[in-house]
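**Student:** UniProt numbering numbers the first residue of the sequence shown as 1 and each following residue consecutively.
Just so you know, these hints were derived from the structure itself, not from any lab. Nothing false has been slipped in among the hints.
Cut-off 25 Å, straight-line C-alpha distance, at most; resulting in silico cross-link-like pairs (SDA-like, lysine to any residue):
1. Lys227 <-> Asn199
2. Lys188 <-> Ser201
3. Lys112 <-> Asp82
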Amino acid sequence: MSDTTGMPSINPPAGRIAIVADGNSPDPDDLGGTAVSISLLRATGLEDRLAHYSHSCDLERVERISERAEKERHALMQTACDVTARRWGGFDDLTFFDAKWQQDETVKDLVKAINASTAEDPLWIVEAGEPDIIGLALDASKKAKHKYVKVVTHHPANDDAGDFYTWQQILDFGVEEVRIPDQNVNLKVSLEKWDWAKNHSDSRIQWVWLLGKIAEVDDVVTFQKGKWDCSDAGMVLYWITGATNGGLKLGTVLDVKHLLLNYVGKN
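Input sequences plus hints: build the corresponding full structure.
**Tutor:** Below, the structure is given as structure tokens:
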């Protein structure tokens, strides 16, 4: 939903949000997705609702990415998390975990968020990568809490990519599936669609653009060439704008622009 100015409505559902991203897999799109997700939560005053953020959740390396290139990605994803959070502010009490290199701590942190869930305070887990960390956390958490957990997904490429859990096994824990359309439709766009950020005077906005550009010049895959991709952040945008109660199922770069520029204009 948007108002007459085109500004998306900020109408999040009850509960907290957890984000599990990859970025260490062959596709580098989580760099831009992470920068946009974190900045969107801050820009909409919802940073305190972020209960968990982890990255690099692809637990077994595939041959399409070398060991050295994957190591670089871990460093880039940690930078995307930590620097975006510091520059935008509001996340000082949150640890951004590397799911592969800090697997035990990551799972324990997500278990804590799951176990804190109630009917009035559910947990919305954004599946921005493979489902294995989510599965491990569900397996280690209290089964009575699973009915208060909702897993948001937009792409079978994530659902079906697990090394240890299938998507059906995730659903078999008794969580609620919240499926929205493929966010690549509106959020994987030609580079010039982000010139507003590239050329903006505020370094926080420029920083967000830079992360998407780093993904575009990545030399592991070719399908990001010429594209600025924050597709996974579409799930966060959906949650911010209402989730199952009228949230933007196909948010656009313009929606992201309105929210971020509104915030930096006032702060």
